[in-house]
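Make the full structure from the sequences, and use the hints.
Chains as they are written, first to last, in the numbering used here: chain A, 1 to 333; chain B, 1 to 172.
For the record, the hints were derived by calculation from the structure and aren't laboratory data. Mixed in with the good hints, there may be bad ones.
[Stated by the list, open to error] Okay, the calculated bits of chain B under chain A, using three or more residues with CB under 8 Å as the criterion:
1) 4-16
2) 21-33
3) 38-48
4) 57-69
5) 131-145
Even for Gly, the Cβ is constructed at its ideal location relative to N, Cα and C.
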Amino acid sequence: MIRYLLKYNLLSIIPTQKLFFLASDVPQGTKLSRELLMLNYEKKSPFKNPYICYYQEKSALYVWFCKTKQFKELLVVPENFIIYKALQELPDGMFLFDGQVQLLLVLQQKRLVAQFVVSDASEVVVAQEEYNCKNVTHLSEKQYQDYFNEGLQKVTLNDLRQFANINLSKEKVQNFVMQKLAYPFVVVLAFYMLVTYAQGYFMQQTINTLTQKYQTLKKQNTKTKEAVRHHNQTVRKLNSFVKHELSNINPLQVLYDLNKIILPTNKAKIIYLDIASNLVNLRIQTKNDDGIKYLQRLNKLAYVKEVIITNTFKRRDGVKVFSYAITLKKGAK
Amino acid sequence: MSSNQTKLLILLISFVAFVNYINYFTPDRKKLHNTVILLKNKIAKDKRLNHQKISKKRLEIKEKKLFFSNKKTYSQSMGEMQEMLQDATKGLCTVKRMQWSQVPAGTKWYERMKISLSVVCEPKNMFTFVNKLHKKNKLFLFEESKVIVPRNEQSKLQLNTNVVAFRIKNVI
Chain A
1 MIRYLLKYNL LSIIPTQKLF FLASDVPQGT KLSRELLMLN YEKKSPFKNP
51 YICYYQEKSA LYVWFCKTKQ FKELLVVPEN FIIYKALQEL PDGMFLFDGQ
101 VQLLLVLQQK RLVAQFVVSD ASEVVVAQEE YNCKNVTHLS EKQYQDYFNE
151 GLQKVTLNDL RQFANINLSK EKVQNFVMQK LAYPFVVVLA FYMLVTYAQG
201 YFMQQTINTL TQKYQTLKKQ NTKTKEAVRH HNQTVRKLNS FVKHELSNIN
251 PLQVLYDLNK IILPTNKAKI IYLDIASNLV NLRIQTKNDD GIKYLQRLNK
301 LAYVKEVIIT NTFKRRDGVK VFSYAITLKK GAK
Chain B
1 MSSNQTKLLI LLISFVAFVN YINYFTPDRK KLHNTVILLK NKIAKDKRLN
51 HQKISKKRLE IKEKKLFFSN KKTYSQSMGE MQEMLQDATK GLCTVKRMQW
101 SQVPAGTKWY ERMKISLSVV CEPKNMFTFV NKLHKKNKLF LFEESKVIVP
151 RNEQSKLQLN TNVVAFRIKN VI
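Next up, the structure:
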């Protein structure tokens with residue numbers, strides 16, 4: 001990803017020679033800004049009005065001062081920060097990179113403590129004494145390049161976020177909006193209005209055409225529609241008629257069914273039958289004591305809701321008379 | 001006037017124009033779209049109806065013949081119904097009583113024509129009478145029916161009932 005940022009000039013890496021490094025401590029969770037650092041650390045910079053970039057890692061604060069005042073790129077990263085990222089996992093000590101310029105990095109407790117550009121061995125000795133560090137690792141120019149490449153891979157988005165070179169002042173935003181966005185915005189508004197109006201216009205045209213077509217068809221179908229409407233209305237009325245008038249059982253059907261139940265036995269005779277609406281009063285005479293048998297058979301009729309024996313008596317000639325009240329289901333036919 | 005001020009003025013004018021356009025001139029595209037769909041559906045429906053060519057015969061309701069027509073008056077229809085009943089009983093049952101009920105009131109599209117009927121006949125003939133009546137192509141209902149065995153004719157049945165037929169009062 002960093003390679004793409006470099007390719008499209010979105011990221012700038014400041015060479016070590018142009019930097020002055022300062023390591024400090026801040027309470028963990030402190031929110032810092034470039035302005036705040038400028039206020040606190042500008043006096044420690046060897047440059048006048050320097051460009052500051054910083055990196056905050058837990059309670060450690062690394063500040064780099066650069067002579068160049070402004071950078072065009074979106075992200076500005078110090079070169080030795082990338083080396084530090086590569087060396088972070090190694091044991092503590094001093095790392096001396098050979099090359100045209102000798103670079104000395106001091107790491108203690110996994111933290112970058114100091115960074116120097118040294119010209120001779122005496123300076124290394126001084127640094128050793130100052131940071132009480134005997135372990136000096138000499139690294140070649142090729143190894144420097146390897147560590148640099150490794151560091152580029154280890155740099156995360158979160159690291160880069162701290163090196164963002166964005167200064168959003170009110171004036172700058174206003175200026176940017178006015179200079180860069182005013183005309184495009186006007187064009188977008190005009191385009192939106194034009195497109196929506198044209199869309200509405202063409203839709204209205206389509207509606208007019210369709211309405212005309214519909215009116216013609218409607219005119220052609222007027223008689224058929226009227227006939228269908230009348231037909232549906234008649235059907236509705238007839239359905240209502242059937243529901244209202246033909247819901248009661250046909251008395252002849254009842255008579256016919258009773259005939260089938262009682263007469264085949266040849267032992268019983270219907271002597272009275274009264275059918276009014278949904279109530280049937282039936283009286284039969286029989287020589288046997290089989291009134292309950294008929295009750296069970298009557299109950300089996302599909303349209304019968306309930307059958308009860310209302311009266312039973314025995315005549316002088318020994319013939320028994322059973323009276324039934326049969327309630328028919330509503331809507332049965 | 002600086003460049004920024006000119007641009008700001010243009011931006012403001014554009015905004016005013018845009019707000020006015022949105023408030024007063026912007027077409028309701030959703031509504032127009034719905035109207036287009038509605039019209040298309042209506043046209044498709046009417047096209048189908050046009051292609052179907054529904055004939056008058058297809059819309060004819062045969063059941064209407066089950067009713068007495070409104071071309072005749074109520075009394076004429078009742079007379080016709082009485083003739084039908086007499087014709088059905090002929091040779092099958094003895095008519096003991098036949099009485100017209102009162103002219104029904106109501107605002108429905110049909111009238112109930114009710115004749116109180118009392119006939120005496122053999123049990124088998126009673127069904128033949130009903131079948132014969134039903135073959136008359138008019139709808140007859142029996143209401144409040146009572147079947148008894150007459151005292152003087154033990155082998156026969158007496159049916160007391162109200163025969164109801166229907167007459168179309170207004171055009172359905």
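Consistency of the hints with the structure:
1. 4-16: holds (count 7)
2. 21-33: holds (count 8)
3. 38-48: holds (count 6)
4. 57-69: holds (count 4)
5. 131-145: Per the Cβ count (5), the hint holds.
Against the hints set out earlier in the document, no violation occurs for any number.
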